Amino acid sequence: MNQFERAQGIVAPLDRANVDTDLIIPKQFLKSIKRTGFGVNLFDELRYLDEGYPGQDCTNRPLNPDFVLNQPRYQGASVLLTRRNFGCGSSREHAPWALEDFGFRVVIAPSFADIFYNNAFKNGLLLVTLPEETIDRLFAEVEANEGYRLDVDLENQRVTTPSGEILEFEVDAFRKHCLLNGLDDIGITLQDEDAIRVFEAKHRVARPWLFSDSAQA
Amino acid sequence: MAGQTLYDKLWSQHLVKERDDGTALIYIDRQLLHEVTSPQAFEGLRLAGRKPWRLDANLATPDHNVPTTLKERAEGNAGIKDPVSLIQVQTLDDNCVEFGIEEFKINDPRQGIVHVVGPEQGATLPGMTVVCGDSHTATHGAFAALAHGIGTSEVEHVLATQCLLAQKMKNMQVRVEGELGVGVTAKDAVLAIIGRIGTAGGTGYAIEFAGSAIQGLSMEGRMTVCNMAIEAGARVGLIAVDDTTIEYLAERPFAPTSDQWQAAVADWRELVSDDGAEFDKVVVLEAAEIEPQVSWGTSPEMVTGISGEVPDPAAQTDDTLRSGYTRALQYMGLAPKQKITDIRLDKVFIGSCTNSRIEDLREAAKVARGKKVADSIKLAMVVPGSGLVKRMAEAEGLDRIFTEAGFEWREPGCSMCLAMNADKLGAGEHCASTSNRNFEGRQGYGGRTHLVSPAMAAAAAIAGHFVDVRTLEEA
Ligand code: SF4
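So the sequence lines, in the order shown, correspond to chains A and B.
Counting from 1, one number per residue, gives the positions in the first sequence under the numbering used here.
Counting from 1001, one number per residue, gives the positions in the second sequence under the numbering used here.
Simulated from the structure, these hints should not be mistaken for lab results.
Owing to the predicted nature of the structure, the values given are computational and were not obtained by experimental measurement.
Positions of the beta carbon are idealized from the N, C-alpha and C atoms, including for glycine.
There could be a bad hint or two in this list.
If the Cβ cut is set under 7 Å, some of the chain A residues that face chain B in the computed set are [to be verified]:
#1 T36
#2 E45
#3 L49
#4 P54
#5 A140
#6 E141
#7 I166
#8 E168
#9 V171
#10 W209
Restraint-style ranges between C-beta atoms, simulated for each label pair [stated by the list, open to error]:
#11 B/A1335 x A/N64: 42 to 48 Å
#12 A/E133 x B/D1020: 48 to 54 Å
#13 B/T1326 x A/P72: 22 to 28 Å
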């Protein structure tokens, strides 16, 4: 998994609530059997004026000039600022893959959908939850100041604004530990292999019908 | 001590280990796999030199990319015209062979949408933990199974360890009390629930659906309700075990038999929330107040009754809500205060893991019998959820009712629910759909989805616009 300690970067504001995973990466791109290459199709239906299809060269497609990521001032953004319930809808991990592949390292919002939240952390994409009022204020600051950047420090759980204001955020200890160290969940779980075997043996005795290889009476 | 909720019981029955940081390892009894979210997981196993922990816990079937016309399906995988889709389905086949996982292949009569296949086979049982790389895994909660959607990294994690890293959710109870009116279905109930609590209302919760209206539903109806728990933000939807659950499971191919069946049933009877169990949140709806629902916007919470109208964004006081409504109306091509019954349709889709089971098809057929699809409808299609549902429907003559009315009768798969295969909406087209998501572009680029029940979809196909099925039944 990708490691994450700190990111400093331009902030792109996506002023919209309930951004669903179909919007983040439309289904036609889920046909890939790889984990990479989704960045060019991130927000495909918002970003381009035509319909995209997988495997296409996107360099000559007509861009939607109104879409935030196409505006010159937000080029190179690595922090996405958005509204509540970001990432709702399907379980597709292609959503965080696409955000990362595009260059985002952090998404800041008042709330995130559950499955997306898990998927993002498993891929080294940091999600920062801040109160709605703070988000409102950040939107106003980003729009007022071209080149607005935030400094996001996971170790200390702080976001620092250009004026030096410090915004603290919560993140659970296990996820933080994995992200800071780039740890692979499977490796960690397999350290508990014995505990799993013990549980499994008991479970099999208590509920043999859950194991199709347990002989039926 | 306060009683336990159904969710609490399922959680503690599967708890392998709790960590100090609040995360836990829970044991997974069943993993369902399909072609879209599994290739990268198998690839991960291969790269790390790992093997699946327990083969018999896994069951696979392709569903998202499979074509639904008879001609294409007759050719098996070769009938998949899109080369990228073909690779994905082929990759699932290859991975199942390589790792030794049971798969119902494209033309196996048992193939279908994973969430239809699992329960139909008895591969979903009460008291199980069930996962799938698909958010609608919540469906299986209708059997009092702790079931939720996971991402691809988690699919790999479950394959490799038979466990999932999880955090305990909070408990919510949603009760629908009383009796649903004639012509009002499980789909209407769940849309009304989502309209009430919103698409993020269930975030962080496991929702247990209860109350007399829920208990009165068949297993098909219960699956429809739990299926859409995720549309209310909850990864998990649950319904307690009762006679309906047990009767449904008897003699299913993967269900226990003889002595084990008796022991299992005794165990399953415990899968109910105890009297006095405490929920963190309780929501109550009166069944009698629910009318047939139609979604008008681009999120499942943007829904209203058939006698209602499209809301006026200007009347919304919350800024985010107002701009969301404005954008939705623009995308949907609807005017504020337009009557729902004035929305004209171009296509009709009856199918998806929400509403493609036998009971759904029967309800739609009841409305379509002896009628004709309106000339203005370009395509009305019925896509059964599995090969077995299709056979059963054909044995009952439902296919004839549909085709005589002018519907296309298709082969099983996800089809136009998310349009990964050739079945899709054109830009600007309005569709009455029995699926679960009306997100922008979901059913095709620029397509406009309205979520409804099977009976409402069939009635809309015949009228060419939305109508209240209850008025048809009186006529
Ligand atoms: S029918 Fe639709 S919602 Fe259900 S699994 Fe298939 S694509 Fe997903």
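Close enough to count: is the Cβ of A/E141 nearer than 7 Å to one in chain B? Given a least distance of 17 Å, the restraint on A/E141 is violated.
Does the CB of A/A140 sit less than 7 Å away from some CB of chain B? Where the cut-off is 7 Å and the nearest Cβ of chain B is about 12 Å from A/A140, the hint is violated.
Identify whether the interface hint at A/P54 stands, where standing means a beta carbon of chain B within less than 7 Å of its own. 5 Å, holds
Interface hint check: A/W209, Cβ to nearest Cβ on chain B, cutoff 7 Å. Holds or violated? 4 Å, holds
Per-residue hint verdict: A/E168, partner chain B, C-beta under 7 Å: Check failed: Cβ of A/E168 comes no nearer than 19 Å to chain B, outside 7 Å.
Go through the hint on A/T36 and say holds or violated, using the shortest Cβ distance to chain B against 7 Å. 10 Å, violated
Determine whether the Cβ-Cβ distance between B/T1326 and A/P72 falls within the hinted range of 22 to 28 Å. Given about 26 Å between the Cβ atoms, the range holds.
Under 7 Å is the threshold here; is the Cβ of A/E45 close enough to any Cβ of chain B for the hint to stand? Given a least distance of 5 Å, the restraint on A/E45 holds.
Any CB of chain B closer than 7 Å to the CB of A/L49? 11 Å, violated
With respect to the beta-carbon atoms only, verify the hint that B/A1335 and A/N64 lie 42 to 48 Å apart. 24 Å, violated
With 7 Å as the cut and Cβ atoms as the points, is A/V171 at the interface with chain B? 11 Å, violated
Starting from the hint 48 to 54 Å, judge whether the C-beta atoms of A/E133 and B/D1020 obey it. 33 Å, violated
Figure legend: structure checked against the earlier numbered hints; hints not met, in rising order: 1, 3, 5, 6, 7, 8, 9, 11, 12.
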